[in-house]
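Got chain U; can you put chain P on it based on the hints?
Protein chains in written order, with our numbering: chain U, 3 to 330; chain P, 50 to 250.
Bear in mind the hints are in silico, worked out from the structure with no lab data behind them.
For glycine and all other residues, C-beta sits at the position ideal for the given N, C-alpha and C.
Mixed in with the good hints, there may be bad ones.
[What the hints assert, rightly or not] Have a look at the derived ranges for each label pair, beta carbon to beta carbon: (1) Pro113/U / Asn133/P: 32 to 38 Å; (2) Gly210/U / Glu148/P: 34 to 40 Å; (3) Pro214/U / Tyr106/P: 20 to 26 Å; (4) Leu216/P / Leu289/U: 39 to 45 Å; (5) Ala64/U / Asn133/P: 55 to 61 Å; (6) Asp41/U / Gln204/P: 21 to 27 Å.
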Amino acid sequence: MTITTKLRGFALAAGLAIGAAAAGPALAEPNWDQVPGQDINLFYPGQASWEWALTQTKHSGAQVFRDKEAPKDCHECHDVIGKSDAPAFGKQIVGGEALASGQILEPNPIPGKLGAIVANVKMAHDADRFYVRLEFPDTPAVGAKMDPDYAVKATMMLNDGKVPEANRAGCWGACHEDLPFMANAVPGKDLTKYLTKTRVTMTAKGGGDIKPDADIEKMRADGYYLEYWQARLNAGKPAGAVDGFVLDKRVPNASPAVAATGKLEGGKWVVVLSRKLSAGAPYKDLLPGKTYTVGFAIHGGYAAKRFHWVSFEHTVALNGGDAQFVVK
Amino acid sequence: MPAAILKLLKSKLLYIGVAGVFFVGGIGTVLSYMTAVDYTNHLQFCAFTCHEMSFPYEEYKKSKHYMNQYGVRAACPDCHVIHNAWPKTFMAKLLATGELYTHFLGRMSGDVDQQKVFEQDRLMLAQNVWAHFKENDSRECRNCHSWDAMALASQSTRAQGQHDFALKKGMTCIDCHKGITHKPVHQAQEDQTAPQSFDIN
Chain U
3 MTITTKLRGF ALAAGLAIGA AAAGPALAEP NWDQVPGQDI NLFYPGQASW EWALTQTKHS
63 GAQVFRDKEA PKDCHECHDV IGKSDAPAFG KQIVGGEALA SGQILEPNPI PGKLGAIVAN
123 VKMAHDADRF YVRLEFPDTP AVGAKMDPDY AVKATMMLND GKVPEANRAG CWGACHEDLP
183 FMANAVPGKD LTKYLTKTRV TMTAKGGGDI KPDADIEKMR ADGYYLEYWQ ARLNAGKPAG
243 AVDGFVLDKR VPNASPAVAA TGKLEGGKWV VVLSRKLSAG APYKDLLPGK TYTVGFAIHG
303 GYAAKRFHWV SFEHTVALNG GDAQFVVK
Chain P
50 MPAAILKLLK SKLLYIGVAG VFFVGGIGTV LSYMTAVDYT NHLQFCAFTC HEMSFPYEEY
110 KKSKHYMNQY GVRAACPDCH VIHNAWPKTF MAKLLATGEL YTHFLGRMSG DVDQQKVFEQ
170 DRLMLAQNVW AHFKENDSRE CRNCHSWDAM ALASQSTRAQ GQHDFALKKG MTCIDCHKGI
230 THKPVHQAQE DQTAPQSFDI N
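Same shape as in the complex, but just chain U (with noise of 0.2 Å):
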């Protein structure tokens, strides 16, 4: 089965979801000339999953990270502003390379895709909502389209600190083994984006059988779920919006308290993502002073599932507080 065909539904499915926000009320953005904005390095993360992450003879970044005393995050050996490991890392991954470890983690090349890209990214809030700027440049598609519905999905992973997996390697806290065209996906089970706890055993190979219903509405009423915020964009028409939330799976909202819009030009995407600051539950509240982590993902020339480019986790404050984002 062709990646195209298998995504065909998933992206028709999605698609009837966004019409009610691509319809909604105009916005009065903020004045973005006045906001200070901050590239981001995305990169293609081939098969790099969670549990790859943790496991030491694959990423021997692994005991540092899992350390009790003095762990590190990702970002912290990975992306420090202007060394960023991102485009050296891309580039070895998209091509197929051995990384330092002897991994490969691109199976299958992906001649002329590049290996990361950068997007500058502005934040700001008014008395009611939240607004996040992307600018990107456009990427043409290589090889066959696997999601011929849409160009281009900017996406938002936004925890509040509630998943400490996320807190620490953003939207990494979601990825596993056994996700399709991973290293161990399980054929015929079209998993979707999960949290390690919602397993009732992890091996390197992924998660086991889902924890009995109460323990997973448990954990959704303590906070342990990330939500997610997308726009899906082709040129010369208005984005679609979808938000959602992943605990244990990916599930989309049917009316999304996400808005979004994009538009293409001179070869550069300008994607705008808001919500109200309190959409009321399940949404997360975003409050002033409290420190936010999120993580971007980029699904450029029609791809879809593994086959993006990913920043590393980067942290938000709204007002004041310790992070890389502080948004007035």
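Same frame as chain U, but now just chain P:
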């Protein structure tokens, strides 16, 4: 006993002569040993004397130890032969002659697929080398590398983090740097299906 022999035994000349033979013989033995060690401590000898060494040699040729931006090469004996401790070197060379048995009479002898046998034994061979490195605090690595010669500030952020961590934890080179010259076979040691914790809190 004939008088001539008795006279010879009493002669200093005999003792000088015997001492001389031992002296020259000793020098000859030492020189032969050194020549043998010298001869066998070369990449050319290791890589091309025995056919079975062509398998690890081909892997080595793709490694940083064979070619790098600094133009410095660490050849087989730099990592696999003990330096500056001749009794240990002697023992190592003596033990290495066991490979002759493997070649002529053992698993590599006769009409066998040598690469297949090598692959079957690879993990065991690698484990022997790792145990040796672990036991002696990666002594052969330290022939060239040392903490006090390492400019951490010039390293990549991740290398700095790793080395800083290793120093604090008293780790040794081989703890992390397995599979850097030959195939990363250490990954085959792990049971991929064993339940384990991937929680971090």
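Here's how the hints hold up against the structure:
1. Pro113/U / Asn133/P: 32 to 38 Å: violated (50 Å)
2. Gly210/U / Glu148/P: 34 to 40 Å: violated (45 Å)
3. Pro214/U / Tyr106/P: 20 to 26 Å: The hinted range 20 to 26 Å is violated for Pro214/U and Tyr106/P, with Cβ atoms some 56 Å apart.
4. Leu216/P / Leu289/U: 39 to 45 Å: Holds - the Cβ-Cβ distance for Leu216/P and Leu289/U, about 40 Å, lies within 39 to 45 Å.
5. Ala64/U / Asn133/P: 55 to 61 Å: violated (35 Å)
6. Asp41/U / Gln204/P: 21 to 27 Å: holds (24 Å)
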